[in-house]
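Here the structure of chain A is known, so what remains is to put chain B in place on it, guided by the hints.
There are 2 protein chains.
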Amino acid sequence: MKHFIFLLVSLFLLGGAHAQTITSPDKNLILKFELTSAGRPSYQLTYKNKPVVKPSLLGIEVANGPSFVEGFTISNSETTTVNDSWEPVYGEQKTIKNNYTELVVTLTQKAQKDRFIKIRFRLFNDGLGFRYEFPTQNGLTYFIIKEEQTEVNLAGDHKIFWMPGDYDTNEYPYTTSKFSEIPSLQKKATIQITAQQPIAAPSVQTPAMLKSADGLYINLHEAALINYPALQYEVDAKNLKLKSHLVPDAIGNKGYMQTPAQSPWRTIIVSDKATDILASKTILNLNTPTEYKDVSWIKPMKYMGVWWEYFVGKSSWAYSTATNVKLTDDFSTFKPNGRHGATTENVKRYIDFASEHGIEGLLVEGWNIGWEDWIGNWKEDVFDFVTPYPDFNVKGLYAYAKAKNVKLIMHHETSGAATNYERHLDRAFEFMNENGYPAVKTGYVGSIIPRGEHHDGQMMVNHYIHVAKRAADYKIMVNSHEAVRPTGLHRTYPNWFAQESARGTEFEAMGGLAPEHSTILPFTRMMGGPMDYTPGIFQTELSKNGFGHNGRVNTTLVKQLAYYVTMYSPLQMAADLPENYAKYPDAFQFIKDVALDWDDTYVLEAEPGDYVTTARKAKGKNEWYIGGITDENPRTATVNFSFLPKGKKYIATLYADGPQASYDKNPQSYTIRKVLVTSKSVLKQGLASSGGVAISVKEGSKDEMKGLKNL
Amino acid sequence: MKHFIFLLVSLFLLGGAHAQTITSPDKNLILKFELTSAGRPSYQLTYKNKPVVKPSLLGIEVANGPSFVEGFTISNSETTTVNDSWEPVYGEQKTIKNNYTELVVTLTQKAQKDRFIKIRFRLFNDGLGFRYEFPTQNGLTYFIIKEEQTEVNLAGDHKIFWMPGDYDTNEYPYTTSKFSEIPSLQKKATIQITAQQPIAAPSVQTPAMLKSADGLYINLHEAALINYPALQYEVDAKNLKLKSHLVPDAIGNKGYMQTPAQSPWRTIIVSDKATDILASKTILNLNTPTEYKDVSWIKPMKYMGVWWEYFVGKSSWAYSTATNVKLTDDFSTFKPNGRHGATTENVKRYIDFASEHGIEGLLVEGWNIGWEDWIGNWKEDVFDFVTPYPDFNVKGLYAYAKAKNVKLIMHHETSGAATNYERHLDRAFEFMNENGYPAVKTGYVGSIIPRGEHHDGQMMVNHYIHVAKRAADYKIMVNSHEAVRPTGLHRTYPNWFAQESARGTEFEAMGGLAPEHSTILPFTRMMGGPMDYTPGIFQTELSKNGFGHNGRVNTTLVKQLAYYVTMYSPLQMAADLPENYAKYPDAFQFIKDVALDWDDTYVLEAEPGDYVTTARKAKGKNEWYIGGITDENPRTATVNFSFLPKGKKYIATLYADGPQASYDKNPQSYTIRKVLVTSKSVLKQGLASSGGVAISVKEGSKDEMKGLKNL
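So the protein lines, in turn, are chains A and B.
My numbering applies: residue 1 is where the first sequence begins, and numbers increase by one.
My numbering applies: residue 1 is where the second sequence begins, and numbers increase by one.
With the rest of the complex left out, here is chain A:
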């Protein structure tokens, strides 16, 4: 399958040349690299002759030695073209094409005894990645990064979908504005979040999504964030400039480097079609293949959870009425609060339901001692990850779940105490192996310990990867919440198969999400990797659950179904209470049916902040699933079935918003109908306000097709 074209043009330039230019394989993108008169590296990028990035400086400021900022000459440059493909362990496509032109410039500082770095550019048809490389050489082994000096000079005052820069949280809502408006909106955008450390200067996090007045879609992010702090950008509104701002450590340094070393890739995905942005695999391509020898145990998974009931007020994570507990306490002596969710009996109820409906996994939160005062105290010994509450029978539930073909998913909330988690890690994973847990949801709610470190700093970046690698030793899959946002590392560490790392469904129960939020996520957070968005809330009017919560999930029921397609993840939750699914078995059928792994993906139509319609072919099956969503505005989605094999009829089951549906007035109105479709079919489907459409397409027997109308 792999075809590999390797073309090396090595140009040894002895001082004279100051500029290099490469074009993307399809010639649409042109990257120009040059040195300024002060010997500062500079790059610019155009797309179909439109400026994407105007000349912008590059460099690395060093804390404990001379910086890699100026006084450079180009001592070498090499251009390469790569065109091959590879197969991910799971994903949106069975085969991913990897086609780019590469330029590597070697930059030497004569005034620093010929110390040199390299900057490596990879220009794909849909964007650019570049990184700094620090080869081993005399006089350069260990150094400390004070700041990265990467600039992105925009060609106009673009529209931008952004959240404010912050060292500790990526759970802000998105703000849509002109780039120049960011400083004036920064304060408003910085809402209160548990554990946050906003950057004082106007700034944005990546992924950030921009759209130019002349119709270019530009996405800024990074790829392969390893042993380095996360990238954020300070905003110079006046000069339409973004400037890198790395997340610091406890004493203000940014990164501790040992040669050979490199920065993550800085990515600029660009197209004149919004759908190309969503279809881009550039970030994945910039990550390295996994080194895991055996990946057969890594499998996509659908799951339910003893989870949403905590958010709607039905029960509690904590077992007792105590308000001040220690891991050394005997919790069996505590007074139960009568509201504990993770009881053996309640978990059995979930197991029964999941088993009946073929849902493989069941997450149980609140099973382990320590929840009485787990949050807000910067406490280190919060959990030990192996001691259940007195009313949670680990061995018994393992046996019960196994008999019913259900696998329990472990929960490791750390409360931000990474040191405590690492102390317990091997034992916690051994405990999981002993008790049949194939996957763990990790959580980092709270200020980080080591105190002064941040969720997105180099130390925590290394922590998350350490957890993923250590988990792999035990054949455990990891779904992290509140970790640094993903950068395509699920290619390299495929058992780290999902993350939250954004404002997810839980916030629907904490004030609600804007209807447009889920149309922005694919263009921002999800550019880095799969999101455990935890969709599937059928009872969107939370008061109807009867537990005193009067909030509302700001979608229609059908939009929740569509999420299983619009939001790619190999891990998908059916997040609502079993009793709510029991009320809508016909709609629940879509969640039961929808695939988790795909042969191919077709982004049919998309506009950030407005709508997304995506179709996907189930891996190894002649089944397709389509999801379409809209923001607060009703719209007509267009589903062109041309992705279907030609000349054959299929049965499409359409889950649509009811004619009078709307997220705020009539969210649970839906229709389900079956029709016949071919590759020539085109569906025009009305979506309600914050509504959606979900479609399954399957082969059918003559009997099954009998009586069905053509679309």
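If you are wondering where the hints come from, they were derived from the structure by calculation, not from laboratory data.
Be aware that one or more of the hints could be misleading.
Said to hold, decoys possible - To give a feel for the contact side, a few chain B residues facing chain A, derived at Cβ under 10 Å:
1) D249
2) Q258
3) D373
4) W378
5) E380
6) D384
7) T387
8) E422
9) I449
Quantities reported herein were computed from a predicted structural model and do not represent experimental measurements.
No residue lacks a Cβ here, since even glycine has one placed at the ideal position from N, Cα and C.
For chain B alone, coordinates are given in the frame of chain A:
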């Protein structure tokens, strides 16, 4: 064996009383506690009517709430007398007497909604311990300590043996001066040490030893340092005042507390006899008994090491010529430097020697990959603690050592990267279990990671204890170097059986130790617990080793023998090269003979900075060992054998400095003679300049005693 007298006098004082007084069981010490007019706690201490501590304030400053400093009333006070005894797992005495008068005052802050703390004083015959207690109560669970406000107002400008306050090192030499001279000597005393963070203000570390003009010996330290930063004292020379200064964390906070909580005990050991200071068991008594259920595997140990040869220039820890290595490197591809010490062959040579001479343990440093650039780079992934260098055969050496009845001692140098060590801890200990290592020497040379934390801060204090407890899970004994100095925790965690935590023998090869150093250590560092001083250097003129080192160990050979008695430790090293012991088999006999565990200890004579003479009875045997040392001044030691059972003759083997011996001119001149002694014998023995005397006393048969003269 235990006799326990419990006497409770509970005084409920409703506001009126402001002062409480208790006396030590022998009435010599009197503690007075009172509140100032501002409701500030204050204490004072006298010994035989001489002031030891003049009225001094107490309090705790809180970072995130009102402080526990003033506005107190005494809402309760209780006095108790305890007189019992206990048996340590190992120690200087088989049975330790625990006899004190206790005063607990409950202090309430009416202005803070009746928030209260307790201060607990325990007054022994040889000193005072007191601590702050924070009981669980409404409105007080979690709080952060900004600073402790404990004062010690001295009664005069005492002589003091001190080292400067520092967050990261206790390896300074001691300075002897008047208390008022500390500020002017601070800079000179703060010599350069790998990884140091001196306190800016004039300050001293504990243990600090003072002597008053009127003959009182006063020792300041702390006991049971758990979940709290180490105590240091700022020096107010003008007012003769010491004021507590706790070691901060990365962001400047001192301690993170959760009720019920308490500070460590602040100790003031006092007597008019210097020998009483050394005999004090107050610090041990203030620690809690071990919670380990099985301590049968914890055993004193004598050992040699592939260690001193690194210091004298014979060989290196590192295996290769590389200067920039990563744990992922294949070290077998590196060019050997030809000087690696921990080779299979060399280790076998040590095993042979240790086996021949009945030395049970053998430490091997430099066995694991990573030593090429382990120091000075603030590097996290320095060692993995399980991967040997290519020329070190773990399995083969385990078998070889086992066949020869020798146990290898593991070495875990962390380079200060505590996070990295904790990540590997379980696996490292499993590796030790698999390969027959019963004990580990840990090391913390370098700036701490998490960066910004300090060797002596709360986080690292917890780390050392975590390592000890985790090691206990694997039945592993721990000997820590560069950890926070001990505070009697070997009672609670008896497998943490030795520490360096001071300037030890290694510094004899790095500029040398002052001859008086080892006469100060028992009064300072060793007040907290056993020291792995690594004595036994016979070839004190290092040039004679022939490896280009021209330094000198500043003692006579016999003083090195005496250390095995004057410096108590259940872990004792015979630190010199085997070839040097082979040259002096008669002197080496003392090291082979000397016991490690004791039924009783008799401090015969002592003066800090001048001399120490100590006798001990071997546990369960009619054998006694005596060691006497002096500083740079020759002296005549007096050994009164009255500790021997009456009416019986024993054979004493006397190892003495030769008549012309001196540490700097003639260090290896010694005599050995056997004489008969009884409980009535008194030896007057001349000690050379920085010399010593070592004596073994055993029962002898008539044949053995024949021809021996009475002393």
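- prompt: Going back to the hint list, which numbers does this structure go against?
  reply: 6 and 7
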